[in-house]
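Trainee: Generate coordinates for the entire structure from the input sequences, incorporating the hints supplied.
What follows is the residue order along each chain.
2 protein chains.
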Amino acid sequence: MKDTFLKACQGFKTDYTPVWFMRQAGRYMKEYQKIRQKYDFLTMCKTPEIAAEVTLQPIKILGVDAAILFSDILVPLEAVGLKIEFIEDKGPKVYPNIRDEENLNLLKNIEIDSLDYVFKTIKILTKELEVPLIGFAASPFTLATYVIEGGTTKDFVNTKRFMFAQSEGFHKLMDFLTDATLNYLQEQVKAGVHALQIFDTWAGILSPFDYEVFCKPYVKRIINKLKSVPVIYFSSNTAGHLNHLKDLDADVLSIDWRIDIRDASLALKDQSLQGNLDPLTLLGTEEELFKRTEKILIDGMNAKSHIFNLGHGVNINTSVDKLKKLVDFIHEFSHKLRRI
Amino acid sequence: MKDTFLKACQGFKTDYTPVWFMRQAGRYMKEYQKIRQKYDFLTMCKTPEIAAEVTLQPIKILGVDAAILFSDILVPLEAVGLKIEFIEDKGPKVYPNIRDEENLNLLKNIEIDSLDYVFKTIKILTKELEVPLIGFAASPFTLATYVIEGGTTKDFVNTKRFMFAQSEGFHKLMDFLTDATLNYLQEQVKAGVHALQIFDTWAGILSPFDYEVFCKPYVKRIINKLKSVPVIYFSSNTAGHLNHLKDLDADVLSIDWRIDIRDASLALKDQSLQGNLDPLTLLGTEEELFKRTEKILIDGMNAKSHIFNLGHGVNINTSVDKLKKLVDFIHEFSHKLRRI
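Protein sequence lines correspond, in order, to chains A and B.
Per our numbering, the very first residue in the first sequence carries number 74; after that it's consecutive.
Per our numbering, the very first residue in the second sequence carries number 74; after that it's consecutive.
There could be a bad hint or two in this list.
Stated by the list, open to error - According to the in silico footprint, chain B covers these stretches of chain A (three or more CB under 8 Å from chain B):
#1 92-99
#2 232-245
#3 305-315
#4 391-401
Stated by the list, open to error - Pairs of lysine to aspartate or glutamate, EDC-like flavour, derived with a Cα cap of 20 Å:
#5 LYS319/B - ASP336/A
#6 LYS364/A - GLU285/B
#7 LYS245/B - ASP162/A
#8 LYS163/A - ASP228/B
#9 LYS364/A - GLU361/B
#10 LYS133/B - GLU104/B
#11 LYS368/B - GLU285/A
#12 LYS133/A - GLU104/A
#13 LYS397/A - ASP336/A
#14 LYS319/A - ASP336/B
#15 LYS163/A - ASP76/B
#16 LYS364/B - GLU241/A
#17 LYS227/B - GLU104/A
#18 LYS227/B - ASP228/A
#19 LYS377/B - ASP76/B
#20 LYS409/A - ASP343/A
#21 LYS342/A - GLU241/B
#22 LYS163/B - GLU285/A
#23 LYS227/A - GLU222/B
#24 LYS342/B - ASP336/A
#25 LYS245/A - GLU361/B
#26 LYS163/B - ASP162/A
#27 LYS364/B - GLU285/A
#28 LYS227/A - ASP228/B
#29 LYS227/B - GLU222/A
#30 LYS368/B - ASP401/B
#31 LYS377/B - GLU367/B
#32 LYS227/A - ASP76/B
#33 LYS364/B - ASP336/B
#34 LYS227/B - ASP162/A
#35 LYS163/A - GLU104/B
#36 LYS227/A - ASP343/B
#37 LYS368/A - GLU360/B
#38 LYS163/B - GLU361/A
#39 LYS86/B - ASP394/B
#40 LYS395/A - GLU104/A
It should be emphasised that the hints constitute simulated quantities derived from the structure, not laboratory data.
From the three backbone atoms N, C-alpha and C, an ideal C-beta is built for every residue, glycine too.
Mentor: See below:
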């Protein structure tokens, strides 16, 4: 198995900068669209053969250094008694919503067997893949925002009202989601994933103060229990939270494009970093794309180790050809960099 | 006139921390709702007597230290030939949209006289107010996102495609909007505003690298030409951009809640700061609200001078009573702080 990605996860300097992309399996790819025309999104997630096939597509087509399980951060919510729906172009829907302590009883202990399709997909993939497989889950806080809001919102009014008006109840919800998420991730490890990524997509809606109170302790609890595979912690919009990410003990911190990776490497000494190209750079000229990529690769040399990624998922308007060229460019340029 | 706010803008330490709120005139207030029932939003902006009355409401009711002109960042777009619409709960609409260089000819030089209602409102207010009046405009980049997208969007795909695919054309658009914005702000100064705030609501969608290329030079050009009144530069989601804000020469930098004001004051030495309470803290208990307010007031003492504000506009669900209590708390606590 090609292990450059895993070496970088473990903090070793690598011969070239490994790369994978968040949402690398997705609608921007015609091979994906072909399958998507026959099955809805959730069916694709729940059918191990299909989920595995879709996971494999970008590995073959793009030549990336790691695969990420095709699934969704919301699927474990079904296993705790909630309903989820994915409506094209409208974003996900979760219900019923839990917006106060009284409604916490709508949640039941996680039925981990009901997520067996995920573990089956992992087992198929680990046999077929020539690159490491990344499993994943949302952070408890990010998951909580969906449970509370029912989807993504502009201001997260219900989440914050719950948090600031009934903080004890909110902590109970976080406790519950932390246990469920940990269980889910541990089962992914048992099934064979080589690394894990925790998606904290909405951590950045919190002030650093509130991040310490309502979000970080729960991420820390999960990371501390996952010692057998490297853990990547991705958080979005958290340039102001860097000081608070230091002691999370994540093997890799994945950052979005709203901060220079050089600044992050200076603030987070001796930390492996992942990131951080603006995904929409891919909609422009190759000149602009490669200029920004070069800068990230050069600056990334300051980190303990560096895995190239976008600061967010691949945009649906992205050209597959351009993305493939980007992968080749990253491999070649970063290899040359190391020989200077 | 109560001049504590202006003194803080000029970098002087004040007897207490002055406070005003973005969107302090708004739908959370029943006095506003009463007028809003009779007139649509744009009519309110365009009728000097009404705009003045609505501007005055929060001064009387909350006891804040500054007034901000009741208007909208999009009104100058009508003066350059575009149409704007405000649909309740749907956000603003701007058209036709300019998404490439060819369509730049849809713009015409600003007809500053057509914005006379703004300058009339300012003239009424400066006679009636006992606190300073803040005029405002969007930054050229933030204005550009509306011109290009037609409203607010999740990913700003069209803005970034234009930017990265036709950077020269994008710079022409920025040039045009910079001249128009400067003209508009200069006329507000002539009409009598005591300070200006530039709203860069969407600066934070750019990487620091792209902020330097596509956004900052234009803000700088405006700030350099506005020397007769203090200029506050508000940018959202820019915790990772702090290093790049230093040399803007804004009298005050206004930050959102996604960074500790103490961290900002350390990064931006000898800089006056404004901010930075999460507006949704107001939806919780007074205990949580005052705890976070105290921290900001204490940390704000590290800045050259500090003006209290929210990190974003007042949320519609905010209780007027609680907001008034917050103003009183800020005045009393910050006064006590200075006597320790």
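Trainee: Evaluate each hint against the coordinates.
Mentor: So, going through the hints one by one against the coordinates:
1. 92-99: violated (count 0)
2. 232-245: As far as the stretch 232-245 of chain A goes, the hint holds, because 6 residues have Cβ atoms under 8 Å from chain B.
3. 305-315: With 5 residues close enough to chain B, the hint holds.
4. 391-401: Coverage by chain B is violated here, the residue count being 0 at a Cβ distance below 8 Å.
5. LYS319/B - ASP336/A: It holds: about 15 Å lies between the C-alpha atoms, which stays within 20 Å.
6. LYS364/A - GLU285/B: Within the cut-off at roughly 14 Å; holds.
7. LYS245/B - ASP162/A: violated (33 Å)
8. LYS163/A - ASP228/B: With Cα atoms ~14 Å apart, LYS163/A and ASP228/B stay inside 20 Å; holds.
9. LYS364/A - GLU361/B: violated (46 Å)
10. LYS133/B - GLU104/B: Holds - the C-alpha atoms of GLU104/B and LYS133/B are around 11 Å apart, at most 20 Å.
11. LYS368/B - GLU285/A: Given pair LYS368/B, GLU285/A holds - Cα atoms ~14 Å apart, limit 20 Å.
12. LYS133/A - GLU104/A: Holds: LYS133/A and GLU104/A sit about 11 Å apart, inside 20 Å.
13. LYS397/A - ASP336/A: Roughly 28 Å between the alpha carbons, so the hint for LYS397/A and ASP336/A is violated.
14. LYS319/A - ASP336/B: holds (15 Å)
15. LYS163/A - ASP76/B: violated (49 Å)
16. LYS364/B - GLU241/A: holds (16 Å)
17. LYS227/B - GLU104/A: violated (26 Å)
18. LYS227/B - ASP228/A: holds (12 Å)
19. LYS377/B - ASP76/B: With a Cα-Cα distance of about 17 Å, the restraint between LYS377/B and ASP76/B holds, given a limit of 20 Å.
20. LYS409/A - ASP343/A: Roughly 23 Å between the alpha carbons, so the hint for LYS409/A and ASP343/A is violated.
21. LYS342/A - GLU241/B: Violated, at roughly 38 Å.
22. LYS163/B - GLU285/A: Measuring from Cα to Cα gives roughly 34 Å; hence the hint is violated.
23. LYS227/A - GLU222/B: holds (17 Å)
24. LYS342/B - ASP336/A: Given pair LYS342/B, ASP336/A holds - Cα atoms ~17 Å apart, limit 20 Å.
25. LYS245/A - GLU361/B: Holds - the C-alpha atoms of GLU361/B and LYS245/A are around 18 Å apart, at most 20 Å.
26. LYS163/B - ASP162/A: holds (17 Å)
27. LYS364/B - GLU285/A: OK: LYS364/B and GLU285/A at ~14 Å, within 20 Å.
28. LYS227/A - ASP228/B: holds (13 Å)
29. LYS227/B - GLU222/A: This hinted pair holds, its Cα atoms lying about 17 Å apart.
30. LYS368/B - ASP401/B: This hinted pair holds, its Cα atoms lying about 16 Å apart.
31. LYS377/B - GLU367/B: Measuring from Cα to Cα gives roughly 18 Å; hence the hint holds.
32. LYS227/A - ASP76/B: This hinted pair is violated, its Cα atoms lying about 36 Å apart.
33. LYS364/B - ASP336/B: holds (18 Å)
34. LYS227/B - ASP162/A: Distance of about 12 Å is within 20 Å: holds.
35. LYS163/A - GLU104/B: violated (36 Å)
36. LYS227/A - ASP343/B: violated (34 Å)
37. LYS368/A - GLU360/B: violated (46 Å)
38. LYS163/B - GLU361/A: Violated, because 34 Å separates the two Cα atoms, which is more than 20 Å.
39. LYS86/B - ASP394/B: Violated, at roughly 29 Å.
40. LYS395/A - GLU104/A: Holds - the C-alpha atoms of GLU104/A and LYS395/A are around 16 Å apart, at most 20 Å.
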